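Peer 1: As a plain string of letters, each chain reads:
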Amino acid sequence: MDIIDEAIKKGRSSLSEFEAKQLLAAYRIPATREILVESEKNLLAAAAAIGYPLVLKGCSADIAHKTEKNLVRIDIRNDQEAVAAFRDISAGMEQDQMPVLVQEMIQGQRELAAGLVRDARFGACVMFGLGGIFTEVLEDVSFRVAPLERLDALEMMREIKGHKILTAVRGMEAVDINALADILVNIGRVGLDHRQIKEIDINPIIISGSRPIVVDALVLLDNSEE
Amino acid sequence: MRENPLQTIMNPESIVFLGGSNSLQTIGTAQLITLITGGYQGNIYPIHRREKTVLGLKAYPSVSSLDKPADLAIIVIPGKAIPGVLRECGEAGIHHAIVITAGYGETGQQGATLQQELLEIAQKYHIRFLGPNCIGIVNAPLGLNTTWFPNKYRAGHVGIISQSGSYVTQTLTYFEKLGLGLSQAISVGNQADIDMVDCLEYLGEDEQTRAIALYIEGIKRPAAFLQAARKITAHKPVVAVYVGGSEAGARACGSHTASMAGPDEIYRGFFHQAGILRADNIADLFDWSLALAQQPLPRGNKIAIVTNSGGPGSSMADEANHRGLKVPLLSPAVQDEIKAITPPTASALNPVDITMNYDVDLIYRKLPQLLLKQPDIDGLLFYGIFGTIHFQDKIAHVGGPASETLAFMKQTLEKACDEFVQWPEKLKKPILCACFSGREDNAVVQIQDGGIPVYPTPERAAGAMAALWEYAKIKNRKLP
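Respectively, the protein sequence lines represent chains A and B.
Letter by letter, the first sequence follows residues 10 to 235 of this note's numbering.
Letter by letter, the second sequence follows residues 14 to 493 of this note's numbering.
Derived from the structure by calculation, the hints contain no laboratory data.
Just so you know, these numbers come straight off a predicted model, no measurement behind them.
There's no promise every hint is true.
[As the list claims (entries may be wrong)] Pair ranges (Cβ atoms, derived):
1) GLY323/B <-> LYS170/A: 27 to 35 Å
2) GLY20/A <-> GLU119/B: 37 to 45 Å
3) ASN79/A <-> GLY275/B: 48 to 56 Å
4) ALA183/A <-> GLY323/B: 15 to 23 Å
All C-beta atoms, glycine included, are put in the ideal place defined by N, C-alpha and C.
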């Protein structure tokens, strides 16, 4: 895939969030609608196209964990807030001219996570677990070796301790587990198709109604080989 | 479909043996003795440069001096002579071998080079081989045992594939005590050519083998292993101990996914996908394989417990609960039925505790039948086996007509046990027992030989019952 080849040619060790989601979209993994904005003059047109409320994020392949660097603004309601957030983020970025991602804000109380890792013995492995801050705090995750069959995807969802979050709890709809299974199966395919990908973090996947939508993604590349 | 080389290796009509002599100073001789004395009906051709006969068999000076090629060569000679012998086998038309000799890939780089040389010679001459650095094979129905351990083992339905030779040799006496019967066992050694995937596919097809036990230290072809295992575990249970070791170390993790991908998490996922039950230790590996090979699968996880003593019954119930089984209260109607046939001191809840008495008709016939006939009971855990051996000293001490009492007790017990061992097949539900006495107890012998496993502790019986339920879930797994 061109995005990956070009990134590796440039000696980069990761894809930007925007690129990562294009890669996932090619595997029919549903992600947020978003537009990459290079300068302030394109900001409001992008905001209008996506529609408020919005999320703005500094977008660079060099910035893996944006939240920790304070480069994310959420729940932006109008043009005025958008401009303020854009300037704020730009000021926080070390390089000039770093693009900003204008992203739809997905509403949902449940956050899940998925990912890919390469095990020395078993090759590409897919991860599933609770998302957001709970991923690291609870480490409630399960793994399967790619390629995943649909049954594997469904079983790995049931395997986590917090699997009840997928059901109709507290008046929320049950999660569309078939859509979620497709995401997990397809992450495995990404890993098998692109050996240059070292690791993937997809976190959070926010459940909007019943639909899982990828809100943030990180793709790490192995550029040690030719 | 290509033929699995193990078809010939495990079922040879003739064997050429390299490394046996008339002196017990070599391990090869010990192995040849078990081969000769195990009941194997095929021809055995020992090779010896000087001796005319080896251990009473006609010896041949070289592989090339055989009249016609043997099906299998067993090689236990020093490593430096093996390349030449392997070529000779190839030229003589022998296409299957077991290389017992060690000193190859397991020893480091130099050994790995030697191992590669063996593989290249084998490939050139179209020889498929097990090993090197293995202890060989056991095929119980054929009485074929190439290991150096004694031939006192029981034929049965557990197949074993092991990366450690000890688990198919030194365990033979342990299996005998546990009442575990073996179908075929394969020590895979360094897996230079034939590997665990080939073995798995072979035992998957073997009709004598009803459960497969694996001891794994590393998986050579994970994708092929997964594919083969998935296919087999849909109809035949596989249990594994995987000593993968932890590759902790300083792996730099850029992503949260990688930081959580410890070896154990990945193994758990892999074995789950494969449909393989993962045992934590060797005792569980063989306990579970035994139950899976001999008992029907439960349809659900609700288990009844019959005991003649409070402690063991409670231990069984406790362990069953820990391992995902349920020990439900029996319905009032069933409790009434139980109360009608048990002594007033008994408990009719669940565990059903008849307290200490020797009503063999009650414990072996009436209660198991009553409980297993309940539609909401899926299996039975049983404690309360007491053979007449526990009474004979007392009876002898009293003397006189008491000896007739002993004969009568024996007869009654045998009849009751005979009936007891048939319940699983008749009622299509599993029974597993525990008894602190082993095969020195005549009732234990009769029940084990009748096909119901008897474990040395209550927890081990309950753990094996949980394994039956875990495999039942794997066998029934399908897309919703």
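Peer 1: Take the hints in turn and mark each one as holding or not.
Peer 2: Taking the hints in turn, this is what the structure says about them:
With their beta carbons about 34 Å apart, GLY323/B and LYS170/A fall inside the hinted range of 27 to 35 Å. Under the hint 37 to 45 Å, the C-beta atoms of GLY20/A and GLU119/B, about 41 Å apart, fit the expected range. One distance hint, 48 to 56 Å for the beta-carbon pair ASN79/A and GLY275/B, is violated here, with the actual separation near 31 Å. Range check, ALA183/A to GLY323/B: Cβ separation about 45 Å, and the 15 to 23 Å hint is violated.
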